[in-house]
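As you go down the protein sequences, you meet chains A and B in turn.
Under my numbering, the first residue of the first sequence is numbered 1, with each subsequent residue one higher.
Under my numbering, the first residue of the second sequence is numbered 1, with each subsequent residue one higher.
These aren't lab readings, by the way, just hints derived from the structure by calculation.
Positions of the beta carbon are idealized from the N, C-alpha and C atoms, including for glycine.
Don't take each hint at face value.
[To be verified] Pulled from the structure, derived: some chain A residues nowhere near chain B, Cβ distances all over 12 Å: (1) F12; (2) I97; (3) T112.
[To be verified] Within a straight-line C-alpha distance of at most 27 Å, the following computed DSSO-like cross-link-like pairs (lysine-lysine) qualify: (4) A:K14 <-> B:K42; (5) B:K5 <-> B:K58; (6) A:K71 <-> A:K14; (7) A:K9 <-> B:K42; (8) B:K58 <-> A:K57; (9) A:K70 <-> B:K57; (10) B:K42 <-> A:K83; (11) A:K71 <-> B:K42; (12) B:K58 <-> B:K42; (13) B:K15 <-> B:K57; (14) A:K83 <-> B:K5; (15) B:K57 <-> B:K42; (16) A:K57 <-> B:K42; (17) B:K71 <-> B:K5; (18) A:K83 <-> A:K14.
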Amino acid sequence: DGGITQSPKYLFRKEGQNVTLSCEQNLNHDAMYWYRQDPGQGLRLIYYSQIVNDFQKGDIAEGYSVSREKKESFPLTVTSAQKNPTAFYLCASNQQIGSIYEQYFGPGTRLTVT
Amino acid sequence: QQQVKQSPQSLIVQKGGISIINCAYENTAFDYFPWYQQFPGKGPALLIAIRPDVSEKKEGRFTISFNKSAKQFSLHIMDSQPGDSATYFCAASSGETSGSRLTFGEGTQLTVNP
């Protein structure tokens with residue numbers, strides 16, 4: 001099955017700890033994205049990567065870091081500097097189909113920090 | 001800050017009725033307008049998308065209406081069904097790599113009563 005996998009589905013951490021969320025895709029897409037979803041606020045872009053070994057900050061990058069060493073993988077680290085890390089995190093990748101750029105989303109990871 | 005304003009925040013419709021969700025944008029450079037459907041605990045999935053060279057696009061029971069002069073676009077769900085109950089997000093993007101950076105609306109939680 002082709003698609004985007006995120007693991008784990010639920011993640012619990014203590015405040016002050018860094019945590020890394022996994023995102024893997026076997027769709028051969030070049031571009032990958034990380035979003036954060038909070039109730040009533042839609043999806044906000046954290047980081048994105050258009051090609052391997054390159055990535056750009058999104059709208060809310062503070063307190064997060066990423067790497068893109070392989071085309072298939074785009075892990076997100078939530079650092080202790082992120083003031084309010086509890087949220088639903090979504091990874092996505094991008095494919096052009098004709099004039100449409102479709103973003104495929106993974107199933108998400110719900111992170112709870114206490 | 002590029003923004004997309006979405007309304008209403010929540011919508012309750014009877015089975016067989018028409019669901020209408022509206023979005024407005026400011027950035028006239030936006031040239032791609034997708035709608036996403038998200039079920040609880042899942043990642044969003046692309047429902048339908050439109051470019052500003054057409055005023056309407058229909059796929060099955062789902063129609064996007066686009067008003068370029070008013071900078072507004074809307075999603076119409078005809079013959080709404082309980083299985084349509086989900087959160088709907090509008091989005092927009094612009095630029096040379098159109099579709100690669102999406103700005104999302106805040107979301108509309110649709111409930112279709114049997």
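Results for each hint:
1. F12: holds, 16 Å
2. I97: violated, 10 Å
3. T112: Consistent with the label, A:T112 stays out of reach of chain B, its closest Cβ about 14 Å off (over 12 Å).
4. A:K14 <-> B:K42: holds, 25 Å
5. B:K5 <-> B:K58: holds, 22 Å
6. A:K71 <-> A:K14: The hint is violated at about 31 Å.
7. A:K9 <-> B:K42: holds, 10 Å
8. B:K58 <-> A:K57: Not OK: B:K58 and A:K57 at ~35 Å, beyond 27 Å, violated.
9. A:K70 <-> B:K57: violated, 37 Å
10. B:K42 <-> A:K83: holds, 25 Å
11. A:K71 <-> B:K42: Holds, because 24 Å separates the two Cα atoms, which is no more than 27 Å.
12. B:K58 <-> B:K42: With Cα atoms ~25 Å apart, B:K58 and B:K42 stay inside 27 Å; holds.
13. B:K15 <-> B:K57: holds, 23 Å
14. A:K83 <-> B:K5: Holds - the C-alpha atoms of B:K5 and A:K83 are around 26 Å apart, at most 27 Å.
15. B:K57 <-> B:K42: Within the cut-off at roughly 26 Å; holds.
16. A:K57 <-> B:K42: Given that 27 Å is the threshold and the Cα spacing comes to 25 Å, the pair holds.
17. B:K71 <-> B:K5: Distance of about 11 Å is within 27 Å: holds.
18. A:K83 <-> A:K14: Holds: A:K83 and A:K14 sit about 13 Å apart, inside 27 Å.
Violated hints for the displayed structure, listed by number in ascending order: 2, 6, 8, 9.
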